[in-house]
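Participant: This is what each chain is made of:
Protein chains: 4
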Amino acid sequence: MKNIGVIVNTKRPRAGNVLGELRSLAEGHGFKLYAEDAGMAKTLGAEHIPVEDFGRKVDMTLAMGGDGTVLYTARALHGFDVPIMGINLGSLGFLTSVGDTEMRQALEAIATKNYKVSTREVAECRIFQNGDPVGEERALNDIVLGWGASSRIVTLKLSIDGELVGSFMCDGMMVSTPTGSTGHSLSAGGPILHPGVGGFGINVICPHTLSSRPLVIPNSSLIEIEVANAAKSLILSIDGQDEYKVKQGGRIKIRKSPHEVKFLQLAGHSYFSVLAKKLHWRGSSL
Amino acid sequence: MKNIGVIVNTKRPRAGNVLGELRSLAEGHGFKLYAEDAGMAKTLGAEHIPVEDFGRKVDMTLAMGGDGTVLYTARALHGFDVPIMGINLGSLGFLTSVGDTEMRQALEAIATKNYKVSTREVAECRIFQNGDPVGEERALNDIVLGWGASSRIVTLKLSIDGELVGSFMCDGMMVSTPTGSTGHSLSAGGPILHPGVGGFGINVICPHTLSSRPLVIPNSSLIEIEVANAAKSLILSIDGQDEYKVKQGGRIKIRKSPHEVKFLQLAGHSYFSVLAKKLHWRGSSL
Amino acid sequence: MKNIGVIVNTKRPRAGNVLGELRSLAEGHGFKLYAEDAGMAKTLGAEHIPVEDFGRKVDMTLAMGGDGTVLYTARALHGFDVPIMGINLGSLGFLTSVGDTEMRQALEAIATKNYKVSTREVAECRIFQNGDPVGEERALNDIVLGWGASSRIVTLKLSIDGELVGSFMCDGMMVSTPTGSTGHSLSAGGPILHPGVGGFGINVICPHTLSSRPLVIPNSSLIEIEVANAAKSLILSIDGQDEYKVKQGGRIKIRKSPHEVKFLQLAGHSYFSVLAKKLHWRGSSL
Amino acid sequence: MKNIGVIVNTKRPRAGNVLGELRSLAEGHGFKLYAEDAGMAKTLGAEHIPVEDFGRKVDMTLAMGGDGTVLYTARALHGFDVPIMGINLGSLGFLTSVGDTEMRQALEAIATKNYKVSTREVAECRIFQNGDPVGEERALNDIVLGWGASSRIVTLKLSIDGELVGSFMCDGMMVSTPTGSTGHSLSAGGPILHPGVGGFGINVICPHTLSSRPLVIPNSSLIEIEVANAAKSLILSIDGQDEYKVKQGGRIKIRKSPHEVKFLQLAGHSYFSVLAKKLHWRGSSL
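So the sequences go chain by chain: A, B, C and D.
For the first sequence, the tail end lands on 286 under the working numbering, and the numbers increase by one without skipping.
For the second sequence, the tail end lands on 572 under the working numbering, and the numbers increase by one without skipping.
For the third sequence, the tail end lands on 858 under the working numbering, and the numbers increase by one without skipping.
For the fourth sequence, the tail end lands on 1144 under the working numbering, and the numbers increase by one without skipping.
Pulled out of the complex, with its shape left as it was, chain A reads as follows:
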């Protein structure tokens, strides 16, 4: 591995600190760096190319910042087989498990190919309004249909592989990948899905019934959600970004993308340890 893309969230106060170190480590290993930002390229002694070209030019990419930076990077590289190593500039993230004080180990790991690879499924979402396709999106974390400019309850019809699961009077519904299961899904009562589970989680937000429970289905499923009844537009959020307004009659269809994302982690990385630290998970309140 010689060509390394670098994407940095420069708003993070600690971003500056590590760039010098990264440059000198990269030079030591004989890595060629690429950056999408002109100033960043200069600081790093990197070649300045648009992010669209990363997919063709780089062997792997360092995403430095928070989990949002990694989501941005994964979107930019979608469809290319370019693994990503997330470096957190500040506090540990689910996708940025390498600390900025571990730059030396990180570059060493890349040089010697001594790392763990965590492959993550991506969900693909096609949006239809009045039967017509109006867009297509990809989510590493989650696809959430909810909120809106009024408090009115809506009815969402959920089908899986053409079978009706139910019509839910609710405030919204969400589909999460295992990667997204520790995000919004968790706050809506969903389970934690280990990245190795080949499934999607489906949660109803504020269901108007006692009998709704989180569902986990195989990621080979085709999920359809139809806005069967709504006096308002719902917001469709993809990985936390508002992308569409969906009205009554609108439908979304979700299935697994043929493209995966590969994350590189240091050899000592432990999923459950990150879970515990990040979520303040603890087995006892004592």
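Calculated directly from the structure, the hints in this document are not laboratory data.
One thing to keep in mind: the hints can contain errors.
Some chain D residues judged to face chain C by a derived CB distance under 7 Å, without partners named [said to hold, decoys possible]:
hint	residue
1	Ser1008
2	Cys1064
3	Ile1093
4	Leu1137
Below, simulated EDC-like cross-link-like pairs (lysine to aspartate or glutamate); rule was C-alpha separation at most 16 Å, straight line [said to hold, decoys possible]:
hint	chain 1	residue 1	chain 2	residue 2
5	A	Lys116	C	Asp733
6	C	Lys849	A	Glu163
7	D	Lys974	B	Glu449
8	C	Lys688	A	Asp161
9	B	Lys402	D	Asp1019
10	A	Lys232	B	Asp528
11	A	Lys116	C	Asp814
12	B	Lys518	A	Asp242
13	D	Lys974	B	Asp447
14	D	Lys1090	C	Asp814
15	D	Lys890	D	Asp990
16	A	Lys57	A	Glu36
17	C	Lys804	D	Asp1100
18	A	Lys253	A	Asp161
19	B	Lys402	D	Glu879
20	B	Lys563	D	Glu966
21	C	Lys688	A	Glu163
22	A	Lys277	C	Glu735
23	D	Lys1135	B	Glu449
Ideal Cβ positions, reconstructed from N, Cα and C, are used throughout, including at glycine.
Since the structure of chain A is already known, use the hints to place chains B, C and D on it.
Facilitator: Using the frame of chain A, we list chains B, C and D on its own:
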């Protein structure tokens, strides 16, 4: 009891059926009826007066329709000591426990004062924007701050009697009376509060943490919710009606209203039986 | 398919009704029946063989009764590639989706091989006390460690693939297959796992912490639960049968069995429809 | 206030450290100390009397240890109007909110009567087997019926004020006071009930249904739980102490005790702050 207000949701298909019966039963008992709608007044042989005058003219009011009709009636009569009997035109409701086939028993009960009285607390909500009061509302069910035109997470600061409970990153927050505990609150994971419990329930909607749980506090408390951080306006819903948009810096203060609402129920009324029927509550899935 | 094993829960009142029909349908199709019970064999005109020999003699087995009958059948046939069709004698079950009024369709489906096959993973559990293996069990539904002759809280240490997940002060812990996810797991707050999800669910019973959530992990994982601290023996229940008492220092190790169970379902079978009927699942309380 | 009872959990390693300080502070304020333990009495210069006599001799009692020490103290003093101040020897407890480094402030507060009083309701539980009363207990925290020497599910019939709420197939059921709502009840999914809420929480443990939810009822209610169906004895735990085994046909009746417990807290005590610290409550996982 001689003067009886009648409020009917005329959109309910069964509304027509019972009006004739009501008229003749009322005549039999020597009751004088009052209606806010001219046509209705004619049908019932009732005096036509605006709903604002019900509080001064009537001894009790029949609210005929669904729970929404009762909420409307309670709002209209707020501050007057006029008990309400909810008659459902269709399916049983929490507040409309008398069926439209029980009109005879209902009028008989009113004539003989042989009924149960269920007193319900009302929550009073004052809304402030930039420190200035912008409105005041009353809720029989709940006060919900949430939704909005984007999916962005917000931070809500909850204080009770001046003590900070916590700053919650979340999608919203709600305060419910016991009456409202079987509504939106239940769908957000809240407990069922028997109407006799002198408390308010507080639930966070999609809290961005594992450690939030439903809170029940004495209804003598002063609850303050401050929109500490929000990139969008939140919708403030009072008993399911959108009333305000609340922006960052906005605050709501909630406390018990000095005025209660009294509901009249037939002698055989059972709270737990309505709960079971209405929520499809069951102790076993067998 | 010619040789069909028959296992019937004769305690079910409706068992008698269908045996005559089964006999004549089987004769019509030219099926040879086998039964483990002498009286049953006589009634059915079946060959009487011990259940241990079913694996070698029969092509498929009809399990007639409730889900318990199917669990018994699956245990008896474990390791043999003999598919099972569950026929309910009474109310619909998750594993007995064919009604006893559908015997004709069932036998027809078997004759024409026109059925759905639902393959279910089985969990294998090895039990250790003081470091020594004391037993090995298999579960189609779940493995639950809990209860006991006192109310004292215990500490259970959960590890997955050798990584510590946490030490949980709790009343118990359970591991469920997708098949078992609609049973005890659901009552402990676990999600519904579609049978096609290659995972196990792990739930803590009454965790002494706010921050525990249901976990779903790949079924390729090795799960270890150690009774790290307990003043009492815990009961180890396998598919609802008490099998062992496990004391402090005891450990159980759970992984996927190399053997699966195949269930035959009528062509029109819908997983979500059974879910809805059986759990009284509904998307609205209206 | 001059006569102060002292109950110390001498197993706590930090117990020794504070006794000297307590003795000298008490002498400084002219307090007379009483202790139930001869050795303790000597160390403290206290009068040695049995705990049964505390109710008549002392004006208030210091319970030093953990929440268990306070529960023991409250049981010993039940029926006497003797307030308790809980001092934690180690980590903060819900009932031991005064730290052992705050002994000076604590004694000062007692001397000047400058403290908060938090009044707590107590639940009274009568146990019946075969219709005969077999015991009567009191709980400051909770009354839990569950566990047992087998994993078999049981059916518990819950009635409130003579009205049937439901028959629950489950692993157990619990009734908690607000004081107990942050204990076992919370781990079973119950809400947090502020001590000022005049209610009891009722939770079903592992209900065999989707539709059970935590209930909060007025503490003026009479709660009856009947073991309608059980192949095993259930354990009845009162404030975490096993007290009875209850078989099929057994019943427990729970209502509010006429006697309350008063806890003394330092003036700056905040319920929500203790909640946050003790439960690691946080509004965000960031």
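Participant: Each hint: holds or not?
Facilitator: Here is what the structure says about each hint:
1. Taken as an interface hint, D/Ser1008 checks out: its beta carbon lies about 5 Å from the nearest beta carbon of chain C, inside 7 Å.
2. Because the beta carbon of D/Cys1064 sits about 4 Å from the nearest beta carbon in chain C, less than 7 Å, this interface hint is met.
3. A hinted interface residue such as D/Ile1093 counts as satisfied when its beta carbon comes closer than 7 Å to some beta carbon of chain C; here the least separation is about 5 Å, so the hint holds.
4. Hint status for D/Leu1137 relative to chain C: holds, with the closest Cβ pair at about 5 Å, below 7 Å.
5. Taken as a hint, the A/Lys116 and C/Asp733 pair is honoured in the structure, with Cα atoms around 15 Å apart against an allowance of 16 Å.
6. Taking the CA atoms of C/Lys849 and A/Glu163, the gap is about 14 Å. The hint holds against a cut of 16 Å.
7. Between D/Lys974 and B/Glu449 the CA atoms are separated by roughly 15 Å; this keeps the pair inside 16 Å, and the hint holds.
8. The hinted pair formed by C/Lys688 and A/Asp161 meets the criterion: a straight-line CA distance of about 15 Å does not exceed 16 Å.
9. Of the pairs offered as hints, the one joining B/Lys402 and D/Asp1019 holds, with about 15 Å between alpha carbons and a cut-off of 16 Å not exceeded.
10. A C-alpha spacing of about 12 Å is found between A/Lys232 and B/Asp528, which places the hinted pair at or below 16 Å, so the restraint holds.
11. At most 16 Å may separate the alpha-carbon atoms for a hinted pair to count; A/Lys116 and C/Asp814 exceed this at roughly 41 Å.
12. A hinted pair counts as satisfied when its Cα atoms are at most 16 Å apart, and B/Lys518 with A/Asp242 qualifies at roughly 12 Å.
13. For the hint linking D/Lys974 to B/Asp447, the alpha-carbon distance of about 15 Å falls within 16 Å, and the restraint holds.
14. For a cut-off of 16 Å, the pair hint linking D/Lys1090 to C/Asp814 stands: about 12 Å separates their Cα positions.
15. At most 16 Å may separate the alpha-carbon atoms for a hinted pair to count; D/Lys890 and D/Asp990 exceed this at roughly 45 Å.
16. With a C-alpha separation of about 12 Å, the suggested pair A/Lys57 and A/Glu36 falls inside the 16 Å cut-off, and the hint holds.
17. Of the pairs offered as hints, the one joining C/Lys804 and D/Asp1100 holds, with about 12 Å between alpha carbons and a cut-off of 16 Å not exceeded.
18. For the given pair, A/Lys253 sits about 10 Å from A/Asp161 by alpha-carbon distance, which is consistent with the 16 Å threshold.
19. Between B/Lys402 and D/Glu879 the alpha-carbon distance is near 60 Å, which puts this suggested pair outside the 16 Å criterion.
20. Pair hint B/Lys563 plus D/Glu966 does not hold up; C-alpha atoms about 57 Å apart against a cutoff of 16 Å.
21. A threshold of 16 Å between alpha carbons decides the hint, and for C/Lys688 with A/Glu163 the separation of about 15 Å falls inside it, so the pair holds.
22. Straight-line distance between C-alpha atoms of A/Lys277 and C/Glu735 comes to about 14 Å, which keeps the hinted pair within the 16 Å bound.
23. Restraint check for D/Lys1135 and B/Glu449: the C-alpha separation of about 14 Å stays at or below 16 Å, so the hint holds.
Figure legend: structure checked against the earlier numbered hints; hints not met, in rising order: 11, 15, 19 and 20.
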